[in-house]
Every structure is written in structure tokens, then in C-alpha cells.
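Each chain sits in its own coordinate frame; assemble them with the hints.
Next come the chains, spelled out residue by residue.
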Amino acid sequence: MRPALLASPTVWTLRRLWRNRLMLVGAVLVLAVAVAALLAGHLAPYDPIALDIEALLTPPGAKHLFGTDELGRDIFSRVIYGTRFALLIGVAVVLIEAVIGIVFGACAAYFGGWLDTLLMRLVDIMLAIPTLVLALAIAGVLGGGLGNMILAIGITGWREFARLIRGQVLVIRTSTYVEAARAMGAGDARILGHHILPNALGTVVVYTSLEMPAALLWAASLSFLGLGAQPPTPEWGAMIAEGRGFVGQAWWVSTFPGLAIMTTVLGFNFLGDGLRDLLDPRTARGL
Amino acid sequence: MTRYVLHRLLALIPVVIGVTLVVFSLLHLTGDPVRLLFGLTVPEEIVQQRREELGFDRPVAVQYLRWLGRAVRGDLGMSITTGDHVVAMIRPRIGATLELTVLALLVTLAVSLPAGVISAVRRNTAVDNLSRVAALFWVSMPTFWLGLLFIMVFGVWLGVLPISGRAGDVWTLEGLRSRVLPVLTLGLPPAALFTRLTRSSMLEIIGEEYIRTARSKGLAERVVVVRHALRNALIPILTLIGLRLPWLFGGAVITETVFAWPGMGRLLVDAVMKRDYPVVQGIVVAMALLVVASSLLVDLLYAVVDPRIRYE
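Just so you know, the protein sequences line up as chains V and D, in that order.
Residues 1 to 287 in the numbering used here are what the first sequence spells out, letter by letter.
Residues 1 to 312 in the numbering used here are what the second sequence spells out, letter by letter.
Check before you lean on any hint, since a few could be wrong.
Stated by the list, open to error - Sample of chain D residues facing chain V (criterion: CB under 7 Å; computed from the structure):
#, residue
1, L136
2, F144
3, L240
Stated by the list, open to error - Which residues of chain V face chain D? A few of them, derived with a C-beta cut under 10 Å, are:
#, residue
4, V28
5, T58
6, A62
7, D124
8, L127
Simulated from the structure, these hints should not be mistaken for laboratory data.
Yeah, the Cβ is synthetic: ideal placement off N, Cα and C, and Gly gets one too.
Isolated chain D, as found in the complex (with noise of 0.2 Å):
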């Protein structure tokens, strides 16, 4: 297991060069930064000043190296706006970002797993079938808007909830009501998905010789749909969690602006705002390797669902 943990660890090292190489150079090739920050009326003379002093004149592969070395030392640049270090910017926003995402995937899971078990044992019932419309009409939903309309309902309608905000620790009451409308709003809308795939795989599953040989011993139905049959279904739903993970930080971002959750999307979405382009290129090489990570934790999980699965 160490060492299939290390070498995952290595193999994850052209990934993530590739990664970095990718973000830079489509910025890069795409816009002119230090133009942007002055807009088109400021004289070139002054733009080409600001573009030495930040080293934007160079060829684009010398920024590069320049940019990786330093980033390999854990400096990913300064802020154009601020003068802050990126790395410094990021860090508090990291675990605020893993809160969110991490709640709204258990929230994922507690409303899909149940519901495809049950759209399962009773397929092609009106349950079933309503869950299958139930779920395209949650996949077609945009999440900035959901995020509004429980603003709408719950926070000014009902006025039951905080609206916007990361108040306290998630364990205080306050803390928990402040977390309901963002986690919710992230988590929500793939439950659909996984509810239709936990569907489709545990059908498969609940055709196969030892579901019978389960029920033959007598086992009671509920030990043989949770303990036999899910365990096994579970395999399909980690890939998907680890092939959603993108999307799921893609989420958060949405989320976190309209939220005023303090996380690195939002970060983000400000910076981007503000044409500050070494904070957008550390956060999106930042995102990334968070996806890179938790996929590799995804992979690790395999083995702890199912005890066949062995790393060597």
C-alpha cells in the first residue's frame, strides 16, 4: 500500500507540471494582462514600463521556468492589486473551500444512496420513474440560481437562515445554520445523478448469483440490500465521485460568490474582477491540484470499499 501510494505520488508529478504548463500558457496566449489592468488609454510607453518591471516582456517559456522554479520553492507570485504573496492569499481560503465541498458530497451521497436503493428495489414503478425525470430536471438547473431561490425562501420569505457568510465553527448552531443554503446549493443538484447511477448499478448487482444465494440463507432483505448489494454498487459511485470532482470545485466557486463564502472561488471571482492575473493563474493551478489530489484519494478508497481490490 506504501508503496503503490508512492509511486501514485510520482506518477502525480508530470501531472501536475502539465497542468501548471497548460494554465500558463493559455493565459498567456489569450490576453495581454498588463494591458487589461490599464485599460486602452493609458499610453503604451507606461504599459511597457509595468510589463518590465513585472516581467511580462520576457518570452512567454522564459516566464514559465521562471514561474515553475519559483513555484516548486512554494511561490506562486505576487498580486499585481495588492502586493500580497499568492500562496498567502490562498492558504486561509483553501480549508474554507474543502469544508464546502467536502459537506456538499456527504450531502450528495446521504440523498442519493438512499434514493437509489430505493428507485432499485422498486424499478419501474412511479417512483423509479419519477425519480428518472427528477433527476434530468435537477441536472438541467443552474446553481447560481438555485442558490438564489433559497436566498428567496429561506433566508428572506421565511427569514430562517443567514443568507450569506461563514459564520463560527460548522459544530455551534450558528456556525451549522450559516453552512445549510451553500452546502445544499452544491450538493443538491448531482444528487439526481448519483441517484440514477446507484440505481443502475445496484441493479446489475441484485442479478448476481450470490444476492440469491443470500436471500436462499434467509438473510432478512434489508441485510441483503445494504450489506451484500450496495457495498458492491459502490465501486461505480467512487468513479463518479472522482470523475465529478471538477465539476464539484467548478460548483463551489458559483456557490461561494453567491454566498459571500470566504473561499478560494470566491478569491477568484474577485480576483479575475480585478484582472489580477498572478492571483487567477495561482488559483486555478491551486483548484487544479486539489482535483489531482482528491481523485488520488478516490483511488485509495477502492481498496477500503472493496478488500479484493489490492495496490501492488
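Just chain V, same shape as in the assembly (with noise of 0.2 Å):
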């Protein structure tokens, strides 16, 4: 065994948080748009929904430091209040697809038989429809807007949660105290509430990291096709598709908030790529 292991546990992950630095860059990015959030109304230098008709489309310079979009709108006022929408969708999208993936996969793993049977196919046929395509339009069925888009989102994107949880109930299914609990009478309810669904949680919270990455980008995605927050949202994606109409003079009004997503989305990726390295070492050096 590897001489780390003689130091207490939290000393031989802290060291190796710091050996993995990348992991740190992302835990630093993802701190930033979290204070970002909640600040702000105090970083942002102007109103993020404020029209200026003084100021159309003015290039970055000192007075904005993004520049200003078609309709005088300070964009890097509206990319800190993005942070928001960003952290509120992502949130939202992986906690519905943790809850649908949780009862689906714990209910197939723990009961078994055609109950597993049945869910699995699902899933299995529910991998085969392209998520986007599917929020797509299940987003389009509902008639768009914030809250629609996040809950098309998560109502296609559980089949990975449903598929680990399952395979962690399965294993925990058979443990000791999950039999000692039904020695004593426990119903089933019961033991997957409290012996087996707190024990497989761990995981769960490092695939929500890694699930965040995909939440945001088909979040952003369906924004810019218009059906996730409307204007005069400061949503990046919304963003995006405002200032599609302007590549050619202003460069700057959907550059910076791609730039704002791709740089959340890497922190998280950052983060999630280090979280499941520490988890299970074998991949360590791997991908």
C-alpha cells in the first residue's frame, strides 16, 4: 500500500487535493460565480435590465468593460447577474433529475424482478432519444420560459442518476445491516429511507457535480433556440442569441457571455474530474 495511506485520512486528501491542482482551479472558479451570485447587486456597476439609448452596442472600454448590447445595456453587469440564472437553473435541473433518478433507481435495484426489469428499458430507450432533442420539445410542449425549461431538462436528463443509484442499491442491498434491519422488522420503507438511500448518497453528491457541466450547457443551449428565460433576462444563453444578430459590428455582446458559461462549466468540470479522482484512485491517472 501507498505510504499516504499512513497519514489520518483527511491530512492524505487534502494532500492530494493540493497535488491536484486542477481540482483546486475549479473549486476556485466555482467559489467565484457562487460569491458572484450572491453579490451581485454590489459588483455589478450598473442596472443589469437598464436601457441606455446613449450608449447602443459601445465597445469595451473603461466606462463598460464589456461594452453594451443593441439596447445600451451594460453586458458586464448583465453577465455578473447571469451567475443567478446559471447557479438557479443548473441547481434546479440536477435536483430534479437526482429525485426522478433516485426513486427510479433505488425502487428497480431494491424490488428487483419485472419492477427492474421494466425501469431499466426505460432508461435503456430513454438513452437512445438525444436529451436535447427531447427537452427540445418537450420544452416547446409546455411553451417555454425559465421554470419550463428546467423541468424539460430534468424530466430527460435522469437516466444516469437512475442507472448509479441503481447499481449503488444493489450493492448495498446485500450488507449486513440491511439484512439485521429486516431481522427486526423493519418495513421497506423503512430500510431504503434510512439504512440504504443515506449510505448510497455520496455518490450522488459527486455525480451532481459532474451532471452540472451537461445541466448548464442544454440549459444555455435551449436559451439561445429562445425557449429558456426570456428577455430582458440576463440569462447567458438568452444573451448569446441577442447579440447573434451583431457578430459582424459588436463582437463583444455574445462573446462575454460565452465566455462567462465556458467558464463555469469548465470549474465544474475541473472540480468533478478531481472529486471522482479522489473518490476512486484507480482512475486517478487516468482520462
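What follows is the structure in C-alpha cells.
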């Protein structure tokens, strides 16, 4: 065994954390986004939806760091406020995915038999339908808008969660403490809720950070297509769509919100990549 | 082989029925298509009348069976807005979408196989570390934004490439030029992921004994790496291609919208905007079928890549 194991698990984890600088960069980026979302009111120099007809499509400069859009709104302020929507969308989507995935995955693994077969067939079938295509169709049927878009992505993107939870529960189900609980007369609901799910939760938490980038990119795509946040909401995907008509004369309108999406997603990717390494040292030098 | 293919094709029937069932129920349970079509201001009686005309007043199960019954005969219904047959609307666009996705996949492989091999051969050097970071950068890039950046740089600033449409045939100069940006937009981002996979699967194989044997026979390193190692490393790459197929078609929807590419994706987005329910449903099902069919094709390629794999 490696000598690092002689140190306490905390020290070992901290050491690996330090060694994994990419993960640290990811943590810093995610933290920065969270801080920007919390303090948007203080950080943004302008009102994100205030029009200024004196300053239409102003290039980036001292007064407007990222320039202004076709209605004279300050893009830097809109990007800052956009962090709120990004985090809100990401967290909400992943929560919906996790809830559906946990219910389906845990029931499939715990009860087994025909229910397992049925639910896993459903997962297989849903994996054949491109998430973005299905989410786009559902968001359209629901009528678009921020809430409907979140719902649409949530009810299409849960499949990987279900598989993951199923795998976890299959393992935990056979452990002695579950048998002990059953011997003591605990019902299915109690065993699932009190003994199995809390033990599967660690993996779920890590997986949520891995799922976050996909959720953010899907949401930005739907917003870009006009099915998510509606103008004048300072949502990044929608901002890029608005700037699309001006790529010739005002590159900054869609460039900065795009950089914001990329930085945020990158933060979560670095973080998730590192977390996966921490949990499973076998893949540490893999991908 | 023929028996295997037939067997696989038969096994697809329940999957295809499942796909239609999932798409149909998800779309029907989440919204009221006719109300959406008219908006909230139109009185209920008119909406109800149209619902009856379109058969949307029946129970969902009845609607599904009727739709499925027609679908197996190649009729996916008619567009609510134009009255055209959905199949007739989709058919001329399948080619454009397949062309875009196949070319993009070729770009992905053309970039990632050499890059992955170099990363593996020079593992833990600066080149390798750079490719790890670059991989995470590329997968964090929103497709539509990359497309816009390409339009901005190559279309507007440099003015060297057309920024929309699909001109002529792919082998004409004009046709080729119109394909460069959309294909790169769809093909480049996944290349990063494929590079990393190529690297890790090459590393695994380079440690095998037959590689040592090949080297000790005195074969040139190039031959060892390409013919002995890469060929065997292709199996996991094929698996990844199979797994990424839904992403590829999802990405095509975005790419087609950005570049006004006349494919199924753009038709889908248009139909969603017009709330043209039968068209939306038809395209989602058609795209899922394309994914299923391409997965089957990928499965059959395993035997081509690795002759040890036999299908019985």
C-alpha cells in the first residue's frame, strides 16, 4: 500500500487536493461564480436591464468593461447577474434529475424482478433519444420560459442518475446491516429511506457535480434557441442569442456571455474531474 | 453474420415501440398542444372544435394506438400549420443531417486519433498535460457559441468562408467551403474527449506482451504503434462513438440552427417555435430511430475492427 495511507484520511485527502491543482482551480472558479451570484447587486456597476439609448453597442472600455448591447445595457453587469440564473438553473435541473433518478434507480434495485427490468428498459430507451432533442420538444410543448425549460431538462436528463443509484443500491442491499434491519422487522420504506439511501448519497453528491456541466450547457442551448429565459432576463444563453444578429459589428455582445458559460462549466468540470479522482484512486491518472 | 443482423433487427422492434411510447406520452402528458397553438385568448369552444378535428380529444392511449398504427405504414401524420405530410417534410432533410453528422464524426476521429496516440507515446510530458487541460476546455464549450465564434472570425473578419447554408455537392469547391464551419463546430468539441480515451486505451495496450514481442522482433516503432497498438485500441473508441451518438444528433440540432443548415434539426426547431406538434413528434421519433440504427452499425463494426469478435 502507498505510504500516504499512513497519514490520517483528512491529511491524505488534503494532500491529494493540493496535488490535484486542476481541481483547486475548479473549486476557485465555482466559488467565484457563487460569490458573484450572491453579491451581484454590489459587484455589478449598472442595472442589468436598464436601457441607455445614449450608449448603444458601445465597445468594451473604461466605462463599460464588456461594452453594451443593442439596447445600451451594460454587458458586464448582465454577465454578473447571469451567474444567478446559471446557478439557479443548474441546481434546479440537477435536483429534479436526482429525485427522479433516485426514486427510479432505488426502486429498480431494491424490488428487483419485473420492476427492475421495466425501469431499466425505460432507461435504455430514453438513452436512445438525444437529451437535447427531447428536452427541446418538451420545453416547446410546455410553452417555453425559464421554469418550463428547467422542468423539461430535468425530466429528460435523469437516466444516468437512475443507473448510478441502481448500482449503489444493488451493492448496499446485500450488506449485513440491511439484513439486520430486516430481521428486526423494518419495512421496505424504512430500510430504503433510513439504511440504504443515506449510504448511497455520497456518490450522488459527487455525481451532481459531474452532471452540472451538462445541465448548464443544455440550458444555455435551449435559451439560445429561445425556449428558456425570455428577454430582458440576463441569462447567458439568451444574451448570446440576442448578440447573434450583431456578430459583424459588435463581437462583444455574444462573446462575453459565452466566455462566462465556458468558465463556469470549466470550473465544474475541473472540480468534478478531481472529485472523481479522489473517490476512485484507480482512475486518478486515467482520463 | 446475416443471422446476427436479422436477430438484432428483430430485437430493435420493442426498442422502437418503446421510443414512440416514451416520446408520445412525455409530449402528451406535459402540454395541451391545441391550446398552445391558439394562445390563451381564443375561446374554449373554438379550441375544443379544433381538438376534435385533430383527434386530440380522444384518450391518450387511443391517440397513441391510432398514431402507431399509421406510423408503421409510414405515415407520421400531418403538420398542423402547413398541412404537409410529416414524412414528406422529414425525408429530404435526413440526408443533410446525416452528411453533417458523418463528416463531423470523421473530423473528430481525424483530430483525436493522432493526438491520442501522441499523448500516449509521450505520456506525462508537457504535450500530454496540455492535452488533458485542452480536453476539459473543449468539453466546456457551448456548441452554439463556438459556431458564432467561427462565424465571427472566418465569416465576418477574415471573410474567407460562407457562414450559412449548404451549397451544392460536397465535392465542389463551393460546396466544400460551405461545409467547413458547421462540420468543425460539431466535430471539434468531442475530439478532446476522444483524444483522452485514445490515450488511455493506447496506454493499456502498450503494456501488453504482444507489443513487447512486436518490438523485440525488431519492428519499427511506427508499425508497432499504429498496426499493433492502435488497432486494438479502436475497440473502446468504437464504444465511445456508440455512446456519443445521441449527443452528436443533439449537437446537430444546434449546429444546423446556427448555420441555417437545411437538416432535420432546423426543421425541429422551426416546428417547436410554430408549436407544430405532429412535426415535433415525428422528428423526435425519427432522430431516435437514426440513433438506434447507427448504434447497430457501430456494433457491427466491432467485427471489422477485431476479427476475433464473432457474432453468432
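Which numbered conditions among the earlier hints are violated in the structure presented, ordered from lowest to highest?
Hints 3, 4, 5 and 6 not satisfied by this model.
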